[in-house]
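*Asks:* Residue numbers (the working numbering), protein chains in the order written: chain A, 2 to 118; chain B, 11 to 120.
Hints may be right or wrong, so weigh each one.
Unchecked claim - Listed below are the simulated DSSO-like cross-link pairs for lysine-lysine, each with C-alpha atoms no more than 30 Å apart in a straight line: (1) B:K66 x B:K80; (2) A:K18 x B:K52; (3) B:K12 x B:K66; (4) B:K52 x A:K58; (5) B:K12 x A:K58; (6) B:K52 x A:K12.
Keep in mind the hints are simulated off the structure, nothing from the lab.
Each chain, letter by letter, is given below.
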Amino acid sequence: GAGVSQSPSNKVTEKGKDVELRCDPISGHTALYWYRQSLGQGLEFLIYFQGNSAPDKSGLPSDRFSAERTGGSVSTLTIQRTQQEDSAVYLCASSLRWGLTGADTQYFGPGTRLTVL
Amino acid sequence: QKEVEQDPGPLSVPEGAIVSLNCTYSNSAFQYFMWYRQYSRKGPELLMYTYSSGNKEDGRFTAQVDKSSKYISLFIRDSQPSDSATYLCAMSLTGNQFYFGTGTSLTVIP
């Protein structure tokens, strides 16, 4: 079966432009996460979707960042008016669910490498 | 103070050595502790998961959690060149939000 896929794999944009990053989770996974990975900064949580519940947006760094998940499957992360500090690898992960018996495995996609010139 | 602290390395060891990777954390409420391995230009993959304190062993890998010291470790026995990667620790209170370390870069020299 296919894993988590992300597109594009690389994106170069100019400062001030908007970008959309796409994540296709594993079929049937109800939980979906977005992270940002910058050099020397580790993974920074951005947003979490779980089923039909309201997303946890507590990690979004500014109102230029937004994300949606359509039909409980594909998710799009949008960054408006990009800044140079937005340059990073954006990773998506999905998991079956977070159950009472413990943590489900998060499966990560390969990431989108965003460069803002 | 960061929620999770991890020495970035880099760490270089000869093949067959025992590797010790560590993280410290500040939030005593963390319950779930994970180690991920990340190869270059790939997403992280889960290696080990531990709930609360204690040890967990899986093949050449052993994860330890010491909640009293707020310290977790990953040991790799008989290290192989294929173990060369970045190792990330991660922690969570309830599973909705994960806090990651910055990762330790490991190179195992044949």
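*Asks:* Broken hints, numbered, in rising order?
*Replies:* Hints that this structure does not satisfy do not exist here, as all of them hold.
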